[in-house]
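Novice: If you want the building blocks of each chain, they are given just below.
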Amino acid sequence: MTPGPNRHKTNAGKTGEQMGKDMKALVVGGTGPTGPYLVNGLIARGYEVAMMHRGTHELDENPPEVEHIHVDPHFRETIDPVLKGRKFDIVIATYGRIRVIAEALIGLTPRLITIGGPPSYRGMTNPKDNFPHGMPIPTPENAQRIESAEEAYFGWMIRQTEDTVLGFHAAGHYNATIFRYPMVYGPHAIGSLEWLIMKRAQDKRRQLALADSGLTIISRGYAENMAHAVLLAVDKPGASAGKIYNCADEQSATIGQWAQIIARCMDWEFEICGIPDAYAHTSRDLLALDSSTHHQLLDLYQIRHDLGYQDVVPMQEAIARTVAWTLKHKPDNDGKFASRADPLNYAMEDKLLAIYNEAAAKMQKIPFTRKEVHHPYPHPKVAGQVRDHRNR
Amino acid sequence: MKALVIGGAGPTGPFIINGLRERGYDVAMLHRGAHELPENPPEIEHIHTDPHFRETLDEGLDGRKFDLVIATYGRMRVIADALIGKTGRLIAVGGAVGYRGMMQPNANTPSGMPIPTREDAQRIASREEFEFGWLIRHTEDVVMGNHAAGHYNATMFRYPIVYGPNSIRSLEWPVMKRVQARRRQIILPEGGLAVLSRGYAENMAHAVLLAVDKPEASAGKIYNCADEQGLTVGQWVQMIARAMEWEFEICSLPGSFAYSAADFLLYHNSVYHQIMDIAAIRRDLGYRDAVPMTQAIPRTINWMLEQRPFSTPMDYAMEDRLLDVYNQTMARLREIPFTAAPVHHSYAHPKLPGEGLDHRNR
Numbered sequence: 000m001t002p003g004p005n006r007h008k009t010n011a012g013k014t015g016e017q018m019g020k021d022m023k024a025l026v027v028g029g030t031g032p033t034g035p036y037l038v039n040g041l042i043a044r045g046y047e048v049a050m051m052h053r054g055t056h057e058l059d060e061n062p063p064e065v066e067h068i069h070v071d072p073h074f075r076e077t078i079d080p081v082l083k084g085r086k087f088d089i090v091i092a093t094y095g096r097i098r099v100i101a102e103a104l105i106g107l108t109p110r111l112i113t114i115g116g117p118p119s120y121r122g123m124t125n126p127k128d129n130f131p132h133g134m135p136i137p138t139p140e141n142a143q144r145i146e147s148a149e150e151a152y153f154g155w156m157i158r159q160t161e162d163t164v165l166g167f168h169a170a171g172h173y174n175a176t177i178f179r180y181p182m183v184y185g186p187h188a189i190g191s192l193e194w195l196i197m198k199r200a201q202d203k204r205r206q207l208a209l210a211d212s213g214l215t216i217i218s219r220g221y222a223e224n225m226a227h228a229v230l231l232a233v234d235k236p237g238a239s240a241g242k243i244y245n246c247a248d249e250q251s252a253t254i255g256q257w258a259q260i261i262a263r264c265m266d267w268e269f270e271i272c273g274i275p276d277a278y279a280h281t282s283r284d285l286l287a288l289d290s291s292t293h294h295q296l297l298d299l300y301q302i303r304h305d306l307g308y309q310d311v312v313p314m315q316e317a318i319a320r321t322v323a324w325t326l327k328h329k330p331d332n333d334g335k336f337a338s339r340a341d342p343l344n345y346a347m348e349d350k351l352l353a354i355y356n357e358a359a360a361k362m363q364k365i366p367f368t369r370k371e372v373h374h375p376y377p378h379p380k381v382a383g384q385v386r387d388h389r390n391r
Numbered sequence: 000m001k002a003l004v005i006g007g008a009g010p011t012g013p014f015i016i017n018g019l020r021e022r023g024y025d026v027a028m029l030h031r032g033a034h035e036l037p038e039n040p041p042e043i044e045h046i047h048t049d050p051h052f053r054e055t056l057d058e059g060l061d062g063r064k065f066d067l068v069i070a071t072y073g074r075m076r077v078i079a080d081a082l083i084g085k086t087g088r089l090i091a092v093g094g095a096v097g098y099r100g101m102m103q104p105n106a107n108t109p110s111g112m113p114i115p116t117r118e119d120a121q122r123i124a125s126r127e128e129f130e131f132g133w134l135i136r137h138t139e140d141v142v143m144g145n146h147a148a149g150h151y152n153a154t155m156f157r158y159p160i161v162y163g164p165n166s167i168r169s170l171e172w173p174v175m176k177r178v179q180a181r182r183r184q185i186i187l188p189e190g191g192l193a194v195l196s197r198g199y200a201e202n203m204a205h206a207v208l209l210a211v212d213k214p215e216a217s218a219g220k221i222y223n224c225a226d227e228q229g230l231t232v233g234q235w236v237q238m239i240a241r242a243m244e245w246e247f248e249i250c251s252l253p254g255s256f257a258y259s260a261a262d263f264l265l266y267h268n269s270v271y272h273q274i275m276d277i278a279a280i281r282r283d284l285g286y287r288d289a290v291p292m293t294q295a296i297p298r299t300i301n302w303m304l305e306q307r308p309f310s311t312p313m314d315y316a317m318e319d320r321l322l323d324v325y326n327q328t329m330a331r332l333r334e335i336p337f338t339a340a341p342v343h344h345s346y347a348h349p350k351l352p353g354e355g356l357d358h359r360n361r
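Chains A and B supply the protein sequences, listed in that same order. The numbering of the first sequence is numbering that gives the first Met the number 0, which starts it at 0 and goes up by one. The numbering of the second sequence is numbering that gives the first Met the number 0, which starts it at 0 and goes up by one.
Keep in mind that the hints are not guaranteed to be accurate.
[To be verified] Which stretches of chain A does chain B cover? Using the computed rule of at least three CB atoms under 8 Å from a CB of chain B, they are: (1) 68 to 74; (2) 80 to 91; (3) 121 to 133; (4) 148 to 159; (5) 193 to 203; (6) 300 to 309.
Hints were generated in silico from the structure; no laboratory data involved. Keep in mind it's a predicted model, so treat the numbers as computed, not measured. No residue lacks a Cβ here, since even glycine has one placed at the ideal position from N, Cα and C.
Sequences are here, hints too, so could you generate the full structure?
Specialist: Set out below in structure tokens:
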């Protein structure tokens, strides 16, 4: 399909009629990992759904009766002509330039749900801007955000977008809700990080070099779970009005645990070798955007409390499904790793592991006897003694 | 209104006792009497008896009735039974050791505790699995069984690592000693990335007192509690250092070799996270920190320096041997040439209208 405006409308109004009114929804994007779950979730709720996206690729999971508006959602000049005269009961904007979309939608919808991300938090891309370094553990929605373009340009853009959307909410243009997507994984995720681990398991690599043993916690969200979170805001417009929500799987994993789970899905087990962060070169792709080992654990209190969020698919099951899908569909990973001649970089990993093994051998020779550890409070074993058996 | 605090000479004791008095309770303290705290007002009654045994408890509590009992010390499963008929309300303090995976990380798959750990996470299932954890779990079952049987309204708290004035074993001091010795490098297991839930004594007492205020909302519940903001071991070490105007270079060693860090870590070398989910206590009881962690740590450090000087000599020989290996290894790692690949957001975002693909050909 060629990009550019290209409407083809089909009759998908049956479910809408069952609801007693003809409700129209627009999904901006819709061909990413959460797209089909959102589109089908809206259809299940009785909406007649249109998708607005560039049209550079399509997904089989989106039903054929969905209207496609093929246009680039990054610019007013491309968006305005195709939306002229259109009205939607709800718009879910997951892709494009959201601050532009938010403005373009004024007067066209009473309800806007937009997707952003956590880079607006101070400390996500520049961990040393916080003390202690890194993001608060966990990070609640009201944590400090980026204050200026100089501080972190990308984060500032995300923050400005949040302010724009909620500004329009406050001005009464529509009821808006924003979600901060974490690292989204699952079928159709762009640049499968799982593949970096899966390939190592397939190649029967026993030792896996991870920055600080992969202790870094990164909030991730399985696509179906994240779409479920967004759809809860569709169902609860009152409770979610004007709010920003973190979202992620309820249970998080460290990078090491995540690698263990992936390996187990492939009947493999790694020996995880901790390399100091500064030199863990082969770990960089496994970390989030900023490539540091600081934790990125999002606080889910708000979405659980306001919207009753619970995972549809628990994390371990979701990873297993992702691995199975990746094995079956063999994505070429040309999105994230196209610029790399050798994204696996075993040669580098082997150098790091050689140094790790040498250091471990040296430390093994240092004699050490662990002290016996007791609970710090005295707990007498026999009645009538003033002091316990450890004389406390 | 009469309240009994069992224990009361630990770090949260005075905050609980004074909090009860502010709420109008006439407070008695039942404890061994092995030590006292000046923070507890002189007018409270002391029942000096050992709260580990039925015979000593029955002796101390003979003929007494209380509107409320907060049990923080002793053998809780014995206390829980001894209090039947003596109170309508019991708040008992336990710990997180009843969770499977806390002390034996490999009992879970993946290894370690769920992140974060909720109150309904899997607990130790048998004595054979792990005795200490089983006893803690069994105690929870006894207290909640007595609640279910209608003997009293019970609420339990799982205390994390409690810090602050009067904490019984200062994990801060071995770090503070390193600052005083002007040691620049400090060895931490895996860069000190492990997050361990801690609770400032005043905050944890506040959590318990919320259950005093909300007996209905907290009826029959077990709550995790901890400071709202968690800390990695590395962040905690840097917070202590900053409170003493110092900064460490954190030296990352594999957990199995970071022996010297055992000075200031509990139980094992902390390469697994212990992050308590505190959503339930926030939702049911409206819990928020009384003192944010960023203030609680400097307060603790200042109190330790002024009130509890630590004279035990330190031995850094082991840490120095390990640092030798670390520094040699870092020199080797530094020799490897490496240029990081540029990182882009993985979605296509065109810069100009009308282009089919973006500037990275996506």
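Novice: Each hint should be assessed against the structure and marked as holding or not.
Specialist: Results of checking the hints against the structure:
1. 68 to 74: That given contact holds, which follows from 3 residues of the stretch 68 to 74 of chain A lying within Cβ reach (below 8 Å) of chain B.
2. 80 to 91: violated (count 0)
3. 121 to 133: Coverage by chain B holds here, the residue count being 4 at a Cβ distance below 8 Å.
4. 148 to 159: With 1 residues close enough to chain B, the hint is violated.
5. 193 to 203: violated (count 0)
6. 300 to 309: n = 3 at 8 Å, threshold three: holds.
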